[in-house]
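J.: Sequences are here, hints too, so could you generate the full structure?
Protein chains in written order, with my numbering: chain A, 1 to 134; chain B, 1001 to 1221; chain C, 2001 to 2535.
Simulated from the structure, these hints should not be mistaken for laboratory data.
Honestly, I wouldn't trust all of these hints.
Unchecked claim - Examples of chain A residues toward chain C, derived with CB under 7 Å: (1) Ala40; (2) Leu44; (3) Leu47; (4) Pro62; (5) Glu63; (6) Ile71; (7) Thr74; (8) Ile81; (9) Val83; (10) Ala85.
Stated by the list, open to error - Listed next, the stretches of chain C that the computed footprint assigns to chain B, with coverage defined by at least 3 CB atoms under 8 Å from CB atoms of chain B: (11) 2050–2060; (12) 2192–2201.
To be verified - Partner residues are not named here, just some residues of chain B that face chain C (Cβ under 10 Å, in silico): (13) Glu1016; (14) Leu1020; (15) Tyr1024; (16) Val1029; (17) Val1040; (18) Asn1060; (19) Ala1068; (20) Val1100; (21) Thr1126; (22) Leu1144; (23) Ile1155; (24) Ala1157.
C-beta atoms are modelled at their ideal positions from N, C-alpha and C, and glycine is treated no differently.
So you can see what is in the structure, the chains are spelled out below.
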Amino acid sequence: MRGGAIPILAWGTILLLLAIGNWVWNGRLVGGLAASGAVAIIYLFGLAVWLARREAIRRGPPEPREDPETIPQTSLAAVGIGVSAGCALFGLAWAKFLLDFGIALFIVSVGRMALEFRAERASRRQVLAEEKHE
Amino acid sequence: MQPIGVAQALVSTRAEYEHLFSIYVPIAVGVFLLIVVIVVVAVFAFRRRPPERAARWHENNPVEATYAVVLGCVAAFLLYLTFTTEHKVDTVANRTRPAVVVDVVASKWEWTFNYPAYGFSERSGTVGRQPLVVPAGEAVRFNLNSVDVIHSFWIPALRYKHDAIPGSTQLITLTFSRGVFPGQCAEFCGLRHSDMIFTAYAVTPTEFAAWAKSKGRGPTP
Amino acid sequence: MTGWFGAVTSTDHKRMGLTLGVCSLFFFLLGGVFALLMRTQLAQSNMQFVSDNSYNELFTMHGSTMIYLFVTPMAIALGLYLVPLQIGATRVSAPRLCLIGLWTWLCGGLVMQQGWFASGGAGRTGWSSIAPLSNGTNTPGVGQDLWVIGVILAACGILLMAACLVTTIARRRAPGMSLLRMPVFTWTELVSVLMVVGSFPMLILAMVLLYIDRHGGHIFTGFTGAIDYQDLFWFFGHPVVYVMFFPYLGSAAEAIAVSSHKRWFGYIAFVASMMMFAALSMAVWSHHMYVTGGVTNQYFAFTSTLLLVPAGIEYFDVVGTLIGGSIVLRTSMLFALTFFIQFLIGGLSGIFVASPVLDYQAYGTYIVVAHFHYTLFAGSIFGFFAGVYHWFPKITGAFLRERLGKLQLLLMVVGTNLTFFPMFFLGNDGMPRRVSRYPTHPGWGTLNELETIGAGIIALGVLTFLINVFVSLRRRVPAGDDPWLGHTLEWATTSPPPPLNFEAPLPPIRSYAPLLDLREQEIDRARERAEVTAD
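T.: Below you can see the structure in the form of structure tokens.
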């Protein structure tokens, strides 16, 4: 965990320097926007990693983790979301019923995903409660 | 007609290419052979050691930093060569006053060559039955256009190509030596891209003038 | 969870990596069949083995299948399987997001191939699908639409899985594993997935805009529109080739270090140069546009030529690892060494075409085809096989046969060089790329025929590999936890690893080669004991 944001932000900074070079020397709008967009995406990613855990910006080796880890085994919802996205876009070009089916399956899968997350949080609360009792 | 006393250096795209080529390729071949020899020798030299005797050292940052600087110098050298030749081929060549201007219109799947000074045009036809005729030893300006998709005007013997992009006119200037030079579209443009061929005939300025004045109806030189 | 349902819905990174890898291999074989059909057509000038339209579909689908459906996803697959093991984690971050990505990618691959069944045929404007050729006026039809959608889906899938890997590396390293103690392979994966995150959004944007353009939107029109399309596409199109290279470089590096019994040389320099290499790769893209007249060629010549600096550092590190080592010429090592030597031809030809004046001849010809096949096939794929032979025992618990492996290597080396080396000459002599037929120029027929024979030999090499996998899984030779005296944490667990990766506590992590550290301590202790008893 510790230091995880560092390579992301460092790389983003090198990209920033190169993007500036591109704007100054090449000066094309679309190319410049693409380069700047990439810088923004990378910085946002690094920022997100940092905000999730403050120590992501600190140097040094990670410390052992205290909290219990939840490890999902399967996710039918994930398969559903992926397949429905494929189905819907395929249907966009090929046949309308596939597009409709894809959208419906997507909604169902997102619902199921919410249920899967809820179940994971519930089992995590249960484990934490059991640990407290010990 | 060029004003008397003004010397115009004609840029030969082929000569510029061959000049760069003659430096880049030997360097590349040399680097390749060096690495191959080092790797092969290292592999043979260190095959017999038992694993416990493998060396423990695993870095030498001062040497690597120096090496990086050396590599940077090589890059700088190559860039100097590249920038000077590119300047000649792209900028200087286009500043030269051309002896002839040819408007090239690329379309699926043939080339049309217009000679505005002489008021006529030639269609290459697919598979290039009709040639592009130009004077040798003089600067020829090509204004490249396209009516549909991106094509690329390429004459391999001149070591040069440039895109013809719809909605633009791209200016290039080439100098030919005497001879017959095949040309081909080099940007994939659809079904019959393979057939979008033309042939350039570079003839003496006198022969060219005679042919052009007859609006191409005279015998192809 | 067992059974096929468990396999399909599993969020275990090893299962996901394996599924992605196996699917990618199927696409490799499919893309290879397309190549063989192309080479058959080109064996003689003016042959008509396939129609012109079919040929255009073949080279488009060959490139697209290889890039979107094999080399890139396989790089992610290797990362999904190995990175959590190498960093001492039990799982990836956001495994459900990863699984969504996997299925989205797979659907993309299937949708793209669906184009073969559409009237008018599959995608046929080249893998780069340059506008305005690829718009609705010039290339109408559902097949091309399905190609665009296939790319969008595959790209979204890869992007999700890459984001997952960045987060995993950021957040799930084991205690003690600071960034500068991560294995070499993990670093190559990190910079690769960073490039995916930074550049794939532009591809997706380009493809979405292209789709709209194909259906009435006037997006990529005129000169500016044409250049804009290429700006967006190549912004992705250059980094992706490094995504298709670095993980295989990492695989070869691991194989070389382990088979030299010496940790990888120049780690700090390597890490720094990988970060620079990846960043530079995001700044060079318009070297694909030198002949358009729409960009500042000099800027991109500058950034592109600079690439030789990090590339040179890599090679310095290979040599530094070999020298002083205890070298074993097992198949994985041989593939890795061949990767470095053959890739060099690709890399040096890359510096060649980085120069605009040289590119004015090379662009759109077989010189470029030779260049990128040397980097991607003679390079990356040989690195891939180095990784396969190195990690197959870990993943399956069984060795791959060495004899068959060496036969595969021999066939592939001969076939690869026979196929791609003559292309440099053909291109310089005037043969453009993406042509279904070529005129009878002197020498062209012979060289093309040789190339076709070479392609056949490559196919035999791949067949040998498939036989090796089949035989090795059928009559297993058990490998154990650490058959090669590995350096990194994946060798500190069983083969294959258990569901949560590590059952025993991890060894202390003090460097990027923790197992080698332990072994060296053991050797030192044994030597001390011997000295004591000798006194």
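J.: For the hint on alanine 85(A), does the least C-beta distance to chain C fall short of 7 Å?
T.: With a minimum Cβ separation of about 5 Å from chain C (threshold 7 Å), the hint on alanine 85(A) holds.
J.: Regarding the hint that leucine 47(A) lies at the interface with chain C, is the smallest CB-CB distance below 7 Å?
T.: Not OK, violated: leucine 47(A) not within 7 Å of chain C, min 12 Å.
J.: Identify whether the interface hint at isoleucine 1155(B) stands, where standing means a beta carbon of chain C within less than 10 Å of its own.
T.: Holds, about 9 Å.
J.: Grab the minimum C-beta distance from proline 62(A) to chain C and call the hint holds if it beats 7 Å, violated otherwise.
T.: At 5 Å from the nearest chain C Cβ, proline 62(A) passes the 7 Å test, so the hint holds.
J.: Answer holds if the nearest beta-carbon of chain C is closer than 7 Å to that of glutamate 63(A); otherwise answer violated.
T.: Given a least distance of 6 Å, the restraint on glutamate 63(A) holds.
J.: Does valine 83(A) hold up as a contact with chain C if the rule is Cβ-Cβ below 7 Å?
T.: 5 Å, holds
J.: Should the hint that isoleucine 81(A) touches chain C count as held when the rule is a Cβ pair under 7 Å?
T.: 5 Å, holds
J.: Residue count check for the region 2192–2201 of chain C against chain B: does it reach three with CB-CB under 8 Å?
T.: violated (count 0)
J.: Double-check valine 1100(B) for me: the hint is only fine if its C-beta lies closer than 10 Å to a C-beta in chain C.
T.: 21 Å, violated
J.: If you take the shortest Cβ to Cβ gap from alanine 1068(B) to chain C, is it below 10 Å?
T.: 6 Å, holds
J.: Holds or violated: is there a CB of chain C closer than 10 Å to the CB of leucine 1020(B)?
T.: 6 Å, holds
J.: With 10 Å as the cut and Cβ atoms as the points, is valine 1029(B) at the interface with chain C?
T.: 8 Å, holds
Of the hints listed earlier, those the structure fails to meet are numbers 1, 2, 3, 12, 20, 21, in rising order.
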